[in-house]
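Could you put together the complete structure from these sequences and hints?
Listed in order, the protein sequences are those of chains H and A.
Here UniProt numbering is used: the first residue of the first sequence is 1, the next is one more, and so on.
Here UniProt numbering is used: the first residue of the second sequence is 1, the next is one more, and so on.
Worth flagging that the hints you see were computed from the coordinates, not collected in a lab.
Certain hints may be false.
Pairs of lysine-lysine, PhoX-like flavour, derived with a Cα cap of 20 Å [said to hold, decoys possible]:
#1 LYS201/H <-> LYS418/A
#2 LYS463/A <-> LYS201/H
#3 LYS428/A <-> LYS201/H
Below are the chains, spelled out letter by letter.
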Amino acid sequence: MDRRSFLRVLGLSYLFHRWLLRDLAAAGGPVLAVAEGADYGRITRQAINALGGMGRFVKPGQTVVVKPNMGWDRNAEQGANTHPLVVKAVVEECLKAGAKKVKVFDRTCNDERRCYINSGIEPALRGMKNVEVKHIEDERFRKVPIANGAVLKQWELYDEALGADVFINVPVAKHHGLTRLTLGLKNVMGVMGGNRGSIHKNIDGALADINSVLKSHLVVIDATRVLTAHGPQGGDLRDVKVLNKVIAGTDIVAADAYATTLFGLKPADIAVTVAAHKRGLGEMDLRKVRIIKA
Amino acid sequence: MRHTSSRISQLFFLALFLVLFLMTEYRGSDRIGVAVNAFFRANPLTAASTLLAVKGWVPFLLPGVIVLVLSVLLGRFFCGWLCPLGTVLDLVTGRIRKTAPLTWLKGSVKYWLLLPLLVASLLNLNLAGLLDPIAILVRALTFFVHPLLGETVRSGWVGLYRVFGEGRDVLDPGYRFLRDYLLPFRDTLYPLAFLSALVFILIIFLERFETRNWCRNLCPLGTLLGLVARLSPFSRVPAKLCADCQACRELCPTSFDRELLQKEECILCMECQLHCPNQRVRFRLAGFQPAAGGPVMERRVLLGGLVGGLFLAKLFRFRDPQSQARLLRPPGVRSEGEFLEKCVRCGECMKVCLRSALYPALSQTGIEGLYTPVLIPRLGYCEYNCTLCGQVCPTGAIPDLPVAEKKREVIGKAVFDKNHCIPFALRKECIVCEEHCPIPQKAIRSEVVTERDFSGRPVTVKKPYVVDELCNGCGICENVCPLEGKSGIEVFAVKDRTPLREGGLESGGKGGDPYS
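Encoded structure:
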């Protein structure tokens with residue numbers, strides 16, 4: 001969204017939702033919406049609506065990329081991938097807001113066919129008009145210079161993610177062996193090409209670098225059920241905890257910071273979050289974040 | 001183009017073969033209902049060689065035995081009505097100008113091929129697939145034709161992107177259709193692609209000398225069927241060329257180059273009956289009778305074949321220990337000896353493998369294991385939830401296991417190479433292998449170590465280790481290791497492939513976790 005349209009949205013919201021603007025102005029910092037409930041489609045919509053609705057992010061005729069985490073050949077219950085109902089609700093909201101096309105993809109770790117199907121995401125979106133669920137095609141990665149990259153000076157990113165009008169980041173909150181948790185900032189690895197395993201040497205800085213060139217316009221974190229151990233793949237239902245929560249926000253660092261607390265950890269415990277905050281990508285101090293219970 | 005019943009049957013089975021070949025691929029369902037393995041299960045040669053090697057009954061080879069019994073009654077109908085390679089030859093032979101038949105191919109060459117193969121099977125080495133016509137065709141398709149087709153179309157598709165960028169999306173539905181139904185999913189290069197193609201092309205080249213040259217003079221499956229066809233009560237009358245006509249000499253694709261119909265070469269195409277100018281020819285039941293035409297083979301051929309089989313089975317066993325250490329078999333294969341008895345080297349497991357993890361052996365197994373499947377983790381790993389190779393294996397050399405059991409089957413064990421592994425060699429973070437390890441309790445774990453890096457600054461690094469009791473050797477760790485070239489973790493073959501303990505993975509208590 002460019003500044004002009006943002007101002008326009010702001011103006012319109014002032015006219016129609018004075019309370020919303022008041023809230024925004026009052027807090028001064030980022031806003032997060034947290035919805036809770038057993039109907040995952042519904043709480044996803046509630047969280048988005050609490051931010052002002054999808055119309056705030058998606059304008060008619062725009063192309064939207066919805067990037068879930070569907071990297072693993074695990075089913076919805078196992079908590080390794082974003083819940084299909086959350087993804088479906090986000091996609092539906094985009095279409096309702098008038099999106100011309102919604103593209104859903106991820107560069108998977110296991111076999112892409114199995115991941116797309118077993119995650120439940122491809123089946124959930126099957127048959128929806130103007131929705132494209134395609135596997136990654138290698139030729140579409142293109143080298144992007146990272147102007148202020150601390151670790152990476154350039155990297156191959158997926159052109160459909162770069163070219164989209166709106167990039168919506170829909171990670172699942174879960175445990176990760178190296179980074180302790182994987183949330184919104186790390187979910188962006190799914191649009192990275194090349195030997196992305198090699199960034200693990202300095203993953204905090206590298207993820208801040210990537211997120212500085214590929215901004216998430218909206219982050220919807222799926223914490224309906226979370227993997228508390230043996231992530232990012234899991235596989236053992238004893239490691240899965242049902243939280244029935246969805247978090248939405250425009251500040252990726254704030255969203256990650258809040259989701260961190262659901263695991264009984266502090267935002268500062270997650271080095272990826274800290275690095276991104278230091279890079280100016282968002283607010284990690286939750287006292288400065290307005291949290292709306294949707 | 002003939003339009004006879006036999007030709008219609010041939011075309012039907014060739015089409016069926018190609019459709020089944022294309023269906024031997026993951027298409028969104030965990031089970032593959034029908035695959036090209038149907039052709040191997042109905043194949044008397046691979047059935048016979050496997051049963052001889054196993055020296056026991058293998059239930060799903062029943063169709064092959066039925067075909068063999070039917071051939072005793074009817075003769076070589078398989079060759080003239082079913083065999084897809086025979087059909088391919090019939091389709092191209094008209095375009096190949098003939099010179100004179102090769103005389104040295106006549107006689108007992110075919111027995112010199114068939115007998116040693118069967119004798120080697122008796123000595124527990126199943127080599128029949130190397131010269132089985134259907135296996136030759138499947139391998140040529142899997143290792144050569146299909147990858148070539150895939151790569152050609154795909155590079156065209158990529159080329160379109162280079163020219164039109166996003167504009168290419170207009171054609172996307174068409175490409176998706178091709179990709180989903182016709183092309184191999186991955187662009188895989190196979191060792192032995194050249195040899196597989198060469199054998200196939202050579203068989204076609206042989207058509208230069210006479211029609212169905214391979215089928216008449218070499219094919220071990222045809223030879224086997226020919227042997228039992230001699231007993232067939234179903235025979236053509238008149239058995240000889242008629243003095244006044246001799247049209248059969250031209251009509252017959254196989255066996256009328258001598259005065260007398262060679263029953264073991266007749267493929268029952270019925271051409272002679274359909275086109276007999278005098279309507280004299282009939283095929284009818286004539287009761288069991290010893291076929292004319294002298295003894296099957298000379299004694300020295302029989303003895304030579306036996307000795308040849310002994311040589312085949314025993315002289316090519318040398319294996320280089322270094323490559324043996326990396327000889328990883330598909331999941332569920334617990335004993336190398338048993339595997340060599342059953343594997344017919346048809347290439348189906350390699351065709352179906354989701355991650356292109358399986359390749360035909362060349363150096364790893366010595367000559368005795370030529371074309372048997374080996375897993376090369378650096379190229380592809382065994383997908384945790386996938387059981388496709390076991391499903392399509394025609395002889396059960398790779399057992400068809402339920403997913404839960406297959407996950408516990410041990411392919412090998414992963415071992416770190418600390419001279420290469422990043423956290424050890426460079427004292428930097430990594431553990432990409434741990435992240436990808438599919439075992440729910442993680443067969444790769446790490447300990448947090450605080451030490452000094454090479455410039456003396458204190459660093460905290462997660463250093464990985466393998467929990468041997470939980471590792472099934474799937475190879476994903478080796479596959480994803482971000483090091484270039486050699487991986488920092490490698491899967492090595494183990495003799496003891498006892499499955500991982502039950503209950504350690506998804507469900508039970510702490511059974512599988514030795515350290516909790």
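Taking 20 Å as the top limit, are the C-alpha atoms of LYS463/A and LYS201/H close enough?
Roughly 12 Å separates the two Cα atoms, so the pair holds.
Given the hint that LYS428/A pairs with LYS201/H, test it: the Cα-Cα distance must not exceed 20 Å.
Given that 20 Å is the threshold and the Cα spacing comes to 6 Å, the pair holds.
For the pair we were handed, LYS201/H and LYS418/A, check the Cα-Cα distance against 20 Å.
holds, 16 Å
In terms of the numbered hints stated before, the structure departs from none.
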